[in-house]
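Asker: Please build the complete structure, drawing on both the sequences and the hints.
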Amino acid sequence: MIKTSIKKVIFLILAFLSFFILSAFTNRNSDNNKNKISSETEMCIECHKIYTPGIVTSWEQSRHSKTTPSEGLQKQKLERRISNDNIEENLLNNIVGCYECHSLNKNNHKDNFEHNGFEINVIVSPEDCKTCHLNEVNEYNISKKSYAYHNLESNPVYSLLVNTIISNKTFKNDIIENTKPSDETRSVTCFGCHGLEIVVNGSKKIETKLGDMEIPNLKNWPNQGVGRINPDGSRGSCTACHPRHSFSIEIARKPYTCAQCHLEPDVPAWEVYKESKHGNIFSSNESKYNWDSVPIKAGVDFPTPTCAYCHNSLIVNNENEIIANRSHDFGARLWVRIFGLIYTHPQPKTGKTFEIINKDKLPLPATFNNEIAKEYLIDSLEINKRKELMASICNNCHSSTWTKNHFAKFDITNYETDNLIKTSTKLMQKIWDKKIQNNKNPFDETIEQEWIKGWLFYANSIRYSVAMTGSYDYASFKNGWWNLTNNIGLLKEKLLLKK
Amino acid sequence: MIKTSIKKVIFLILAFLSFFILSAFTNRNSDNNKNKISSETEMCIECHKIYTPGIVTSWEQSRHSKTTPSEGLQKQKLERRISNDNIEENLLNNIVGCYECHSLNKNNHKDNFEHNGFEINVIVSPEDCKTCHLNEVNEYNISKKSYAYHNLESNPVYSLLVNTIISNKTFKNDIIENTKPSDETRSVTCFGCHGLEIVVNGSKKIETKLGDMEIPNLKNWPNQGVGRINPDGSRGSCTACHPRHSFSIEIARKPYTCAQCHLEPDVPAWEVYKESKHGNIFSSNESKYNWDSVPIKAGVDFPTPTCAYCHNSLIVNNENEIIANRSHDFGARLWVRIFGLIYTHPQPKTGKTFEIINKDKLPLPATFNNEIAKEYLIDSLEINKRKELMASICNNCHSSTWTKNHFAKFDITNYETDNLIKTSTKLMQKIWDKKIQNNKNPFDETIEQEWIKGWLFYANSIRYSVAMTGSYDYASFKNGWWNLTNNIGLLKEKLLLKK
Amino acid sequence: MIKTSIKKVIFLILAFLSFFILSAFTNRNSDNNKNKISSETEMCIECHKIYTPGIVTSWEQSRHSKTTPSEGLQKQKLERRISNDNIEENLLNNIVGCYECHSLNKNNHKDNFEHNGFEINVIVSPEDCKTCHLNEVNEYNISKKSYAYHNLESNPVYSLLVNTIISNKTFKNDIIENTKPSDETRSVTCFGCHGLEIVVNGSKKIETKLGDMEIPNLKNWPNQGVGRINPDGSRGSCTACHPRHSFSIEIARKPYTCAQCHLEPDVPAWEVYKESKHGNIFSSNESKYNWDSVPIKAGVDFPTPTCAYCHNSLIVNNENEIIANRSHDFGARLWVRIFGLIYTHPQPKTGKTFEIINKDKLPLPATFNNEIAKEYLIDSLEINKRKELMASICNNCHSSTWTKNHFAKFDITNYETDNLIKTSTKLMQKIWDKKIQNNKNPFDETIEQEWIKGWLFYANSIRYSVAMTGSYDYASFKNGWWNLTNNIGLLKEKLLLKK
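Chains as they are written, first to last, in this note's numbering: chain A, 1322 to 1820; chain B, 1322 to 1820; chain C, 1322 to 1820.
Only true hints are included.
Which copy is meant is left open, because identical chains are indistinguishable; a pair holds if it fits in one copy or across any two.
Cut-off 25 Å, straight-line C-alpha distance, at most; resulting in silico cross-link-like pairs (BS3-like, lysine-lysine):
#: 1; residue 1: 1751; residue 2: 1680
#: 2; residue 1: 1525; residue 2: 1708
#: 3; residue 1: 1530; residue 2: 1706
#: 4; residue 1: 1761; residue 2: 1815
#: 5; residue 1: 1609; residue 2: 1598
#: 6; residue 1: 1680; residue 2: 1493
#: 7; residue 1: 1670; residue 2: 1680
#: 8; residue 1: 1526; residue 2: 1725
#: 9; residue 1: 1743; residue 2: 1493
#: 10; residue 1: 1761; residue 2: 1751
#: 11; residue 1: 1751; residue 2: 1490
#: 12; residue 1: 1743; residue 2: 1490
#: 13; residue 1: 1815; residue 2: 1751
#: 14; residue 1: 1540; residue 2: 1708
#: 15; residue 1: 1756; residue 2: 1815
#: 16; residue 1: 1755; residue 2: 1815
#: 17; residue 1: 1725; residue 2: 1525
#: 18; residue 1: 1525; residue 2: 1427
#: 19; residue 1: 1680; residue 2: 1695
#: 20; residue 1: 1755; residue 2: 1493
The hints are simulated quantities; they were obtained by calculation from the structure and are not laboratory data.
Every value quoted in this text rests on a predicted model; they were computed, and no experiment measured them.
Answerer: Now the structure itself:
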């Protein structure tokens, strides 16, 4: 009797140890999953683990390599990472491998080509990701981000600014000649973030280790800008934030990702966050955040908010009641637009900001005199709704008075910085009026560039700093009040020079 | 016999395993501690875990939630984190919860209010923290930090600089009118770090999920500046460095915290540290430091020094002999003041720098000609004492010659940068003398702002860089010699313009 | 029978547990290693763990304290960290301790001194490290880095720039007098990174806790610049990247180390990397890299490349075939030089750039009109060889088209930025020609400094950004096209001023 029970105990101990040891040393792709790899994906991997092992390793570490859409759909509603209940039968029970993504919607893909017996799309577009991530792509499709290319390229004011900056300048016969920016330079400056149109110009032959191959000849490739126009006509590039083949939610949620584009001096979100109390705690405790949890429990999973937390993550309270829905329309929770333009203004109603026309007939949401183009912008009802949603996020850690006072400071900062910019704009206008400088191109003279720095760099840095509850030195001396004060002084001196 | 011993062995194994498993999975707030929560704090938490879960979670992760003052006092002297041996009986045996801190010294707290049956202070002040952390608050109370608000607001020279920078500027009738900075803007710029006076203006009614509430109506709230004037009359805000409700020593010790205020361009401590060898090793090995150890064993717990390590932590050697005592008077180990003023000078004798008057009758520690106001500054005896203390910290990892030579470089850098600033100040003086610019306000013209950049940004960046054993590129090109050279050139050109 | 087998099982479990527990808690310096410490090193440690415990702790955590050269040599070729097969018998079987390194090649060391009965070198030089790390030092010896001191000091153009920037400037009799930079300032600015010559000026007596000591009197010490001239005549300082006494490969491989010198504004490698996709993934996943693995498996050990990965690490594929050999000649994989000079140009053939003379008789690789000094620079054959090697690294994660297009963008960026700088240089030349400014010293007037900013800060920032696959905002607004456009405008205005 005793012997039997001893054996039992020993067995249990051994089983327990085995489980621990096995789960620690076992290959992450268990046999269980291997069975679920499609035969097509298996063939992809066979070659690519030799020729591009980095991609394969990256994918192997991804959730895609370990789960099937069917398993994803079985999760609790709030924990689901996919949002299409009607995924096609043939995709449901395979893990999400190379072929599952690179073979979708072939007929729409001008970049589809015959590749060792398979029909493969070079680029996986949001329209393809939509197969499983339906809501996310639909949200994204109405966002300003998804129109980031158009909002630059189709807005003649912005286009002029872009072309003034990144044009080639040659000195000939005492004159500086500007020539059009090259496609290559466009792709590695403004349109690196905003995205470009990937055009398929037939095909070309390349030499590979496996012999010659015929592949699509893509113009503007590679490009991962958020408003990329894909060969299937869709807009956007999911990989901009969920990079490479890990498609990591952790990376997308970390501020480093947003920081690739939202940066000093024109959009100093990252610098300002880093210097705020929220950012300080993030930097100190980064390893203690539950980066992968879906949904995020307010005040629990994330000790302090990050970019994604406030702007687009699904947040619930301790009772699993939704505080804020996930949204991939990244401006959806915002009421005021604080950067990129001369004055602050209510968020535009749609993502297509290039369609806005103000009273001066300029494609800008406010005139030089700060009269806003109301009909294109959200109204006070919507403004208040968004403010309340954002407050409900703050209030999980802060008293309602704290939040209210914080928002009041932000309102006043926007008002004051707009007022300062009105001052510098009036000075600029006088400089133009007095023909001290001509305004044919309002962006190409050094004094005009001073004026631009006022609204494009300094005023919005101040606003950013206050929006993120304070990176005080930044707003005072780094790129804020100090600079704006000096900036107005420079404009004044230029004006007085020819009084 | 054998069976018995087998049973024993099995029992031991099981016990061993149980211990490991239990200690891994057990809730951090053991039942043991729960018994020690005061009934008041329990009631606080009951509501606040619903309404502000972030605060509660933060506190639950704190040491305060897991220990009682009595337990804290039982530690070895050097390991103690509290310094008052005479804590009141009624506080000794409860863990340090909401009510324990928010109900102290009610009679002094103008922000005390009736809150669901309890008398609660909105703000916990250093005077309250002093209940347990007696020495720390006493040290803090004599520091420059604790006078950070006064040192700006009560110094007319600094006040003028502040008001020049953060005033509103309106362009009317060809003149730029300056209007006084708003309270809100003060709170999110200079006084965000320096602190403001929190004034209680009666009470106000707010709507909450639990119905209307009457709460104190606080002006300048929220503010966590280091020189904040609290509703009980005390100075300072412990949460500035030990943020929110975790009161973390780890966060306070990480340079990210200091970096919220000590930043480029005027106080580039963080930038310069990050680029130094000490900072490089910190960035590379951050996870290997013993962030929580009290005391810090020199050269063991911290592979390289951080801000706190050199400036205020308790450091002992391998024999547990004290190398440097803990101090919350953050300037106590420093002998020379290298930023914020025109010239370097010995540290002031007290924290109240606004009381200094130099020979030119200006509230500055040196005249424009660099004659120092000796009577307000520490003498050479004290200077040497502090140098020796700091050297004794360096010498745990560096040879005494290394340290001596390092200090010599620092002395020479201070001498040379002072000399360069004397050059730029002479140029500025000539510009004023020749009426090229008037000096009614020495801060409001663009050429004056160039002069300011010389001493406020560039000279002190060079000094910081050398103090931290070298961020060489920073001192050369980023914000140092290159800029100072160019700066002197600009002043010279302005002067020559009207020769 | 059963009892016996039970005992066996229990024994096995206990042995298993013991192994786990022991290996977890055992001191890292096992007794095994202690036996291998030389008696000399043991004596060093006995004192130094009292007087400089930081150094000893650092060394104890190093690989040097845990392994003997003999053990290092027994590793598989690719896994070896030492490269000398003929290490002297007397060094082979001791762990690499204080005495093993600080007593080498005594006769060459002018800094050798009698130290408590031992003959000790203050400085361990690359020539000493070469004892085991033969190939690494040989590679280093031909690199530009190893000539970093000479390349600045022995190049009169650069010397003039250095002396213009870091000289003392005194204002006397309406003239600004420049006086020679001090040794101390040289050591904490340009030559902090580039290195200085450590000169032994006899000896001096110092007081220590153990009584007076006679030590070598070193000029320019401490200095860890990469081109340091050591007292044994060798060039370089291994500790610049493998800092202090941990000699860590992990630290050397992390970009923070390179970032100490390769920084904004003149060499913004770090800033640009951090903002690239590679850098974003590094920041997000830093803890998941196999920092210590030798060799590095491409696309597996490092999810994204770091500085060391692309520039000098040994990289193999999944079949352990070498993709790129380790090299401590850090420019060996590079074909184009993009910083520090007026125009881009092919990499120099040797590390001694101070020997280059162009057609204008200036010690620069290109004339002001961008005619390159071909005979000193690598030819197209070598350029293509290096491009292909680098491409073979990229291609582990990227398609060959991706890589090809990336390189094409880089080529065009170099061409366009050179063209822009030609424009600004022509403008500068005209300013000199018209005597608006004299060019006796081409670096000392503010407008000349604008011109310098064009090529030293902005053009190369753009190139860096593109080289690292894009930190787009940086190249657009931070330190790139925006600034270069404005910069050309400023030069034009200066020229027009006196038309």
